[in-house]
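Asker: Chain residues, written in single-letter form:
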Amino acid sequence: MILDSILLAFSELKANKMRSFLTMLGIVIGISAVIAIMTVGDALKSSTMDTLGGLGATKIYYYVIQKDQRDPYDDNNYQKDTRPMRSADLFNDEMFEDLEEHFSDRIKGISIMGAQSSLSYSTSDGELENGAGKSVILYGCNQCGYEESLREGTMEFTYGRHITRQEFESGAKVIMISEDTATAYYGSPERAIGKLFEGIDTLTKRYDNYTVVGTYKKKSNGALMDMMMYVPTQIALIPLRSLHTFQMGDSMETEEFTAIAKNAEDVEEVSKEIEDYLNRVYYGNNDTYKVYSETMTSALDQIGSLTNMITLAISAIAAISLLVGGIGVMNIMVVSITERTREIGTRKALGATNNDIRMQFLIEAVVLCLVGSAIGIILGLLGGMGISSIIGFAGHASVKAIAGSVLFSMAFGIFFGYYPANKAAKMNPIDALRYE
Amino acid sequence: MKDYNETVIDLKGIYKRFYEGEPNELEILHGIDLQVKKGEFISIVGASGSGKSTLMNIIGALDRPSEGSYYLGGTDICEADDSELSHIRNKEIGFVFQTYNLIPRNTALKNVELPMMYARQSAGSRRKKAKELLELVGMGDRMSHTPDRLSGGQKQRVAIARALANDPSIILADEPTGALDSKTGRLIMDLFHELHEKKGITIVLITHSPELANETERVLTLMDGNIISEARGSTYDLRQHTFGVQ
Ligand SMILES: Nc1ncnc2c1ncn2[C@@H]1O[C@H](COP(=O)(O)OP(=O)(O)O)[C@@H](O)[C@H]1O
Ligand SMILES: [Mg+2]
Chain Y
1 MILDSILLAF
11 SELKANKMRS
21 FLTMLGIVIG
31 ISAVIAIMTV
41 GDALKSSTMD
51 TLGGLGATKI
61 YYYVIQKDQR
71 DPYDDNNYQK
81 DTRPMRSADL
91 FNDEMFEDLE
101 EHFSDRIKGI
111 SIMGAQSSLS
121 YSTSDGELEN
131 GAGKSVILYG
141 CNQCGYEESL
151 REGTMEFTYG
161 RHITRQEFES
171 GAKVIMISED
181 TATAYYGSPE
191 RAIGKLFEGI
201 DTLTKRYDNY
211 TVVGTYKKKS
221 NGALMDMMMY
231 VPTQIALIPL
241 RSLHTFQMGD
251 SMETEEFTAI
261 AKNAEDVEEV
271 SKEIEDYLNR
281 VYYGNNDTYK
291 VYSETMTSAL
301 DQIGSLTNMI
311 TLAISAIAAI
321 SLLVGGIGVM
331 NIMVVSITER
341 TREIGTRKAL
351 GATNNDIRMQ
361 FLIEAVVLCL
371 VGSAIGIILG
381 LLGGMGISSI
391 IGFAGHASVK
401 AIAGSVLFSM
411 AFGIFFGYYP
421 ANKAAKMNPI
431 DALRYE
Chain L
1001 MKDYNETVID
1011 LKGIYKRFYE
1021 GEPNELEILH
1031 GIDLQVKKGE
1041 FISIVGASGS
1051 GKSTLMNIIG
1061 ALDRPSEGSY
1071 YLGGTDICEA
1081 DDSELSHIRN
1091 KEIGFVFQTY
1101 NLIPRNTALK
1111 NVELPMMYAR
1121 QSAGSRRKKA
1131 KELLELVGMG
1141 DRMSHTPDRL
1151 SGGQKQRVAI
1161 ARALANDPSI
1171 ILADEPTGAL
1181 DSKTGRLIMD
1191 LFHELHEKKG
1201 ITIVLITHSP
1211 ELANETERVL
1221 TLMDGNIISE
1231 ARGSTYDLRQ
1241 HTFGVQ
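From first to last, the protein sequence lines stand for chains Y and L. Going by the working numbering, the first residue of the first sequence is number 1, and it counts up by one from there. Going by the working numbering, the first residue of the second sequence is number 1001, and it counts up by one from there.
Here chain Y stands alone, though its shape is the one from the complex (with noise of 0.2 Å):
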């Protein structure tokens, strides 16, 4: 009996193909929009958790930050008119040593790496300008900084070679440049090994030179991680130690420092912990600053959050079309009925009962609302996958999607069915079967 309401629903489709599919858009587009974006959030969330949290699962990142402040990012509690940061607010050498030698057990070490100055210089082709020609970002970075950024990060190393451990602690004036500046000041890479890279210091507005020891290149992570971990190949990697000495001495200063962790278990632990020493060894009489640490453990549940968010505004809009849909169905259901109400008339009076009535046209809203649902699963798949390869990630609409999209829609078929197939069951025979 249900079997053939089924495959008696399946004709009525196939009778009305134009029509049925008309009815059927508004679920194929809610439904599809809901797979397809359940498919780029799982793309987006699955390949953020592995890139950052393979690249990043050990990092932990330290600021300076103002006493009020819940974060970095706390612009509410950021006091504009406070105390400029001075040289005794800052993180220097003296701490890395101390938390390298306190934490060894639970550190590899600590990295810095981070825009120190810039270095303007002239191109091949040209005259050697103050700050208006070409420029490099100088990062200055301690071996660990170094190593961590060409290792697993953004940055693969190309020609040359790598600068060691020696010119780190001495602090030689040497330089690594991306292809594109040593293209842009040599002709190519190859050329650029070994020569001298001049300019003039935008801070200290002081001619500087650096040997050139090797190039890299950009590291692709897929467009959308390349997007949010931008490099411009204008930065330049130098040791810390050569820009400090040239600048002001011997002593090494940074706002901001990262630690890697031995072990990605425990990082938040250490995150805290390692946090908790420092304000309290060090910043414990500080009037206005403090230290703030964030893993990416914790930079992750903001994305995760955000596309938490970005999910549920578009599913309000799949819904209104879903909405829009379901009412499309109850439409043409009503219509259904209207048209063949002599048939209702007709297999009443060789013996279906109301019920039996009800329950053929409430299965024919199901199918009409469940082969909406496959089309749209099929399309949002598709598009989902599509979208989600442009970003560079594959990803997979859960099982737990598409089950739930295929129960919506037959719960959907059985709501927006149910007044059709009542209205149907309850006609009476005669008037049914005298109908013009």
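These aren't lab readings, by the way, just hints derived from the structure by calculation. Take these hints with a grain of salt, some might be off.
Claimed, not checked - One-sided and incomplete, this derived list gives chain Y residues near chain L with beta-carbon spacing under 10 Å:
#: 1; residue: D4
#: 2; residue: L8
#: 3; residue: E255
#: 4; residue: S305
#: 5; residue: G345
#: 6; residue: T346
#: 7; residue: R347
#: 8; residue: K348
#: 9; residue: A349
#: 10; residue: L350
#: 11; residue: G351
#: 12; residue: N354
#: 13; residue: R358
#: 14; residue: P429
#: 15; residue: I430
#: 16; residue: R434
We put the beta carbon where it would ideally sit given N, CA and C, even for glycine.
Fit chain L with the ligands to the known structure of chain Y by using the hints.
Answerer: Chain L with the ligands only, in chain Y's frame:
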């Protein structure tokens, strides 16, 4: 002359009014008494609008009388609820309509299976029975045709097979030949005779044709909602002789 004793249809003082209680109330049947015995073949004639179909619908349990009593094979139809009426229509009555009323897009076989489906018979047994019935009405070679590929006469044969599906106690045929040419109508009428004579099926036939009506055992004439005459079909006995059926 056959001897019938079991009453199948028992109508007493049947009134039918439409728009009851409203200013435009319309009384169509004014107290009809009618008994039909098991195995009888009767016909109802009368002008258009005289209330033949209205009476037929009441006999067929499609509609309830406004007043009066109706027993079908011992069951009080006036007291039955909707689902009991559905059941009675399904098991006890086979309808044949002037406009065939086959379900479009369903094959002849599916159409004949329909009453058995509503009787919750298994797919296998109803298929078998439907095939037998289609053979019986001479439609064995067109079982998989949909109604749009059948002629009027063929459609009516399928409809008759469908009416027989659940071995009903009566067949109600409302102008079954009305939409057919006289030659095809003749063939359909012969089929009714065959079912009546060979299978002993009770048949109530509404027709406009006096010739066809006179082939039945009893001819009732309806006029403005009253049975004004009742007569033995003038050619019924002749037919019995000619065809030599008991
Ligand atoms: N459901 C109905 N509502 C209102 N009037 C009806 C209804 N059914 C039949 N009638 C009226 O009853 C009268 C008899 O109709 P019907 O029984 O169909 O006549 P017949 O079949 O003898 O031609 C007609 O005047 C028709 O308009
Ligand atoms: Mg009529």
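Asker: List in ascending order the numbers of the hints, as given earlier, that are violated by the structure.
Answerer: 3, 4, 13
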